Amino acid sequence: MAKYFFHIKTGADLIKDDEGSEHATLDHARSQALKTARELWADAIKSGKPLGADAIVIADEQGQLTFVPLYDALPKLPEPPAGPTEGDG
Amino acid sequence: MASATNVPNHFLASLSSDDSDLLRPHLRQDNLTLRSILFRPEEQVHRVYFPTAGIISLVVGLSDGHWVEAGMVGRNGVVGGGSALDGRVAINQAIVQAEGSSLTIDTEVLSRLVSASDTLRAALMRHELASYAMTQQVAACNARHELDERLCRWLMLTRDLLASDTLPLTQEFLAQMLGVQRTSLTLVARTLQESGLITYRRGHIQVLDAVHLREASCECYGAINHHFERLIGWRPFEPGN
Numbered sequence: 001m002a003k004y005f006f007h008i009k010t011g012a013d014l015i016k017d018d019e020g021s022e023h024a025t026l027d028h029a030r031s032q033a034l035k036t037a038r039e040l041w042a043d044a045i046k047s048g049k050p051l052g053a054d055a056i057v058i059a060d061e062q063g064q065l066t067f068v069p070l071y072d073a074l075p076k077l078p079e080p081p082a083g084p085t086e087g088d089g
Numbered sequence: 001m002a003s004a005t006n007v008p009n010h011f012l013a014s015l016s017s018d019d020s021d022l023l024r025p026h027l028r029q030d031n032l033t034l035r036s037i038l039f040r041p042e043e044q045v046h047r048v049y050f051p052t053a054g055i056i057s058l059v060v061g062l063s064d065g066h067w068v069e070a071g072m073v074g075r076n077g078v079v080g081g082g083s084a085l086d087g088r089v090a091i092n093q094a095i096v097q098a099e100g101s102s103l104t105i106d107t108e109v110l111s112r113l114v115s116a117s118d119t120l121r122a123a124l125m126r127h128e129l130a131s132y133a134m135t136q137q138v139a140a141c142n143a144r145h146e147l148d149e150r151l152c153r154w155l156m157l158t159r160d161l162l163a164s165d166t167l168p169l170t171q172e173f174l175a176q177m178l179g180v181q182r183t184s185l186t187l188v189a190r191t192l193q194e195s196g197l198i199t200y201r202r203g204h205i206q207v208l209d210a211v212h213l214r215e216a217s218c219e220c221y222g223a224i225n226h227h228f229e230r231l232i233g234w235r236p237f238e239p240g241n
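One line per chain: the protein sequences are L and B, in this order.
With my numbering applied, the first sequence closes on residue 89, and no number is skipped along the way.
With my numbering applied, the second sequence closes on residue 241, and no number is skipped along the way.
No lab work stands behind these hints, which were simulated from the structure alone.
Quick caveat: nothing in here was measured; it's all calculated off a predicted structure.
For every residue, glycine included, the Cβ atom is placed at its ideal position computed from N, Cα and C.
Careful: at least some of the hints might be erroneous.
Label pairs and their calculated CB-CB ranges [to be verified]:
no., chain 1, residue 1, chain 2, residue 2, range
1, B, Gly-196, L, Pro-69, 40 to 50 Å
2, L, Lys-35, B, Glu-215, 48 to 58 Å
3, B, Arg-28, L, Pro-69, 15 to 25 Å
4, L, Ala-42, B, Glu-194, 18 to 28 Å
5, B, Ser-195, L, Ile-45, 16 to 26 Å
Which stretches of chain L does chain B cover? Using the computed rule of at least three CB atoms under 8 Å from a CB of chain B, they are [unchecked claim]:
no., region
6, 21-30
7, 46-52
This is chain L alone, in the form it adopts within the complex (with noise of 0.2 Å):
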């Protein structure tokens, strides 16, 4: 187990995790991060309230960063319907 800190980043800004949360291995911190992503996107769409993130940034204790955009964490969109073609070419 390690410790991964979870910092915000929204914008130029960053708000710091000074906690911190261990995990087995940096795939598994990242999964988390995703999941939170996924958590931040549910929050801002049900409330219409922005997101307030653009990306997770995970630094581990010697302070390698691993960047997770919260688009990362959008589910495959359906193709869209094929409609009249008429006007696109």
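For this one, chain L is given, so just place chain B on it according to the hints.
Positioned in the frame of chain L, the structure of chain B alone reads:
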């Protein structure tokens, strides 16, 4: 003999002097050690707690390993009282959320005393109803209300029970109690901080503006207090005091 109005537990202090006299010889002072588990679901409850300082959280465990809070009790109430009313085993887990101390009584002794005194049994029943009302309110709150207002509700209840603006809490624990990811909580705490309602430092939250924190809480804060006031006469410490 005078009733125990100097007892720093509201439930005990609210009892008639006869009921206080019944209980007093059996009460013992115990420490509430941070994160200690007082009982687990389905376990026999050996002691009933009347906290005098600190907070005990009633939490529900899910099979994915998460624990979510259904209610909290401090100097206002009783933990494990249902077991003395023949509830026999615990329905949830009680864990010390903020360390402190508690008067306690052996469950079997309390069970015997409530059989001997209708007024004591009625008082305990009213408390259990208030506690039931709280968990119902929390269920509705968790289903419908947003994290920021739920967090404010939670901080206000905690502040009332501790009678302090300094709340010793880690975000990890708070996130778990509210059933959210820790980072979601960091983000919401930051917003409250920017609005000047709280400051957050590692391991504790300082309430700066209780009046506005209360306004930012969902209605559940007032609803829970209303149930406790109506059923057991508990009134929390008012913002600004």
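8 Å C-beta test of the region 21-30 of chain L against chain B, three or more residues: violated (count 1)
Taking 18 to 28 Å as the stated bounds, is the beta-carbon spacing between Ala-42/L and Glu-194/B within them? For Glu-194/B against Ala-42/L, whose Cβ atoms are near 22 Å apart, the range 18 to 28 Å holds.
Whether the CB-CB distance between Ser-195/B and Ile-45/L falls inside 16 to 26 Å: holds (23 Å)
Could you say whether the range 15 to 25 Å given as a hint is met by the Cβ separation of Arg-28/B and Pro-69/L? violated (56 Å)
Assertion that chain B covers the region 46-52 of chain L - criterion: three or more residues, beta-carbon distance below 8 Å: holds (count 3)
Can the suggested window of 40 to 50 Å be confirmed for the beta-carbon pair Gly-196/B and Pro-69/L? At roughly 31 Å between Cβ atoms, Pro-69/L and Gly-196/B fall outside 40 to 50 Å, so the hint is violated.
Quick one: are Lys-35/L and Glu-215/B within 48 to 58 Å, going by C-beta? Between Lys-35/L and Glu-215/B, where Cβ atoms are some 32 Å apart, the hint is violated.
Consistency with the previously given hints fails for numbers 1, 2, 3, 6, ordered from lowest to highest.
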